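Trainee: When you get a sec, could you build the whole thing from the sequences and use the hints?
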Amino acid sequence: MSPVRTIQSIYTDGACTGNPGPGGWGTVIYFSDGLIHEMGESCPQTTNNRMEMQAAIAALQYLQATGQTEPIILYTDSEYLINCVTKWVKGWKAKGWKKSDGKPVQNQDLLVILDRLNSRQIKWQHVRGHAGNVGNERCDAIARAFANGTNPSLTQISSHNSQHKNDIHLAAVSDGNYNYKQINENASNFENLASNINMIDSSNVTTGFSSENGSSETRMAQIRNLVETLRVADEIAGKGYLITSSELADLMNVHASAVTSRGDQWRWRNWVVSRVRREGNQILWELERGDLVNHEGEN
Numbered sequence: 001m002s003p004v005r006t007i008q009s010i011y012t013d014g015a016c017t018g019n020p021g022p023g024g025w026g027t028v029i030y031f032s033d034g035l036i037h038e039m040g041e042s043c044p045q046t047t048n049n050r051m052e053m054q055a056a057i058a059a060l061q062y063l064q065a066t067g068q069t070e071p072i073i074l075y076t077d078s079e080y081l082i083n084c085v086t087k088w089v090k091g092w093k094a095k096g097w098k099k100s101d102g103k104p105v106q107n108q109d110l111l112v113i114l115d116r117l118n119s120r121q122i123k124w125q126h127v128r129g130h131a132g133n134v135g136n137e138r139c140d141a142i143a144r145a146f147a148n149g150t151n152p153s154l155t156q157i158s159s160h161n162s163q164h165k166n167d168i169h170l171a172a173v174s175d176g177n178y179n180y181k182q183i184n185e186n187a188s189n190f191e192n193l194a195s196n197i198n199m200i201d202s203s204n205v206t207t208g209f210s211s212e213n214g215s216s217e218t219r220m221a222q223i224r225n226l227v228e229t230l231r232v233a234d235e236i237a238g239k240g241y242l243i244t245s246s247e248l249a250d251l252m253n254v255h256a257s258a259v260t261s262r263g264d265q266w267r268w269r270n271w272v273v274s275r276v277r278r279e280g281n282q283i284l285w286e287l288e289r290g291d292l293v294n295h296e297g298e299n
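Be aware that the sequence shown starts at 1, since it is given in our numbering, and climbs by one per residue.
By construction, these hints were calculated from the structure, which means they are not laboratory data.
Treat the numbers as computed from the prediction; the structure is a model and nothing was measured.
Think of the CB as a built atom: it goes at the ideal place given N, C-alpha and C, for glycine as much as any other residue.
Where hints are given, some of them may not hold.
[To be verified] Taking lysine to any residue and the SDA-like style, the derived pairs with C-alpha atoms no more than 25 Å apart in a straight line are:
1) Lys90 <-> Asp101
2) Lys239 <-> Met220
3) Lys239 <-> Met252
4) Lys93 <-> Gln64
5) Lys98 <-> Val127
6) Lys239 <-> Arg219
7) Lys99 <-> Tyr80
8) Lys123 <-> Asn133
9) Lys123 <-> Asp101
10) Lys87 <-> Gly34
11) Lys90 <-> Trp124
12) Lys103 <-> Leu114
[To be verified] Each pair of labels, with its calculated beta carbon distance range:
13) Leu35 <-> Ala94: 39 to 47 Å
14) Ser274 <-> Lys93: 46 to 54 Å
15) Thr86 <-> Arg278: 28 to 36 Å
16) Leu242 <-> Gln108: 35 to 43 Å
17) Ala94 <-> Asn19: 23 to 31 Å
18) Arg289 <-> Arg120: 53 to 61 Å
19) Gly290 <-> Gly18: 23 to 31 Å
20) Leu242 <-> Gln64: 43 to 51 Å
21) Ser119 <-> Ser216: 26 to 34 Å
22) Asp33 <-> Lys95: 30 to 38 Å
23) Arg277 <-> Thr6: 27 to 35 Å
Mentor: And the structure:
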């Protein structure tokens, strides 16, 4: 009999375009034997904080369904989420879900679920976003893909031979109302989980995001987002602003390592990206319009 697999750590992240606007969340679960299970969902109208919470809810529901008793570390780049769960929720509950100013606590619906799922088994750990952490970067890529209306390829683990299964209800929140989607996952017996694993190329987390997925409205929304991104890049270049590696990664919708590994000068779409200098632990980059650089070279 194969040994029961143990969850070693979990990463979660949320994303939102517009905030409020279309959003998505991503969760990556690492097992002690090296296997990985990824989850994610989209939401048509939400906020970044709600997506951060939804990712954590999915992670804790998955953990609860496994019946695991060993402690795990849950990594998130949302200090808001950590503070809500580990510091603020106790006082809010005591005050009838009211803040110190008497106003209702935001996102109470999700906080109630998080509070119920949380336990001493989980250690909440903050991780800096866009800093090259593989788990955080992968969650970010999944969340961004769903927020942008695309369907990322996920590494999925399932077992066809388990005798006991629980239903995990992932609360996909839409317009403040719960729209529960049932997902059958192996709950108490993790034998032969490797029988159905769809692997992805972890060196490029943006692969598998097809712009052909979704409706024409979704594709048009993606185009509008792209145009806005290009406009921002043009403004940065035109005004000579310097931006950090993490900011450039956000602009390009890639993880930070994809920026820093490209060398001192390279092209991205209409711009030449040049490394200028380092300030502290950050590299500063400059964007120049590629057509202008070419013309200057001809003079």
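Trainee: Are there hints from earlier that the structure breaks, and if so, what are their numbers?
Mentor: Of the numbered hints, 2, 5, 6, 9, 10, 21, 22 and 23 do not hold.
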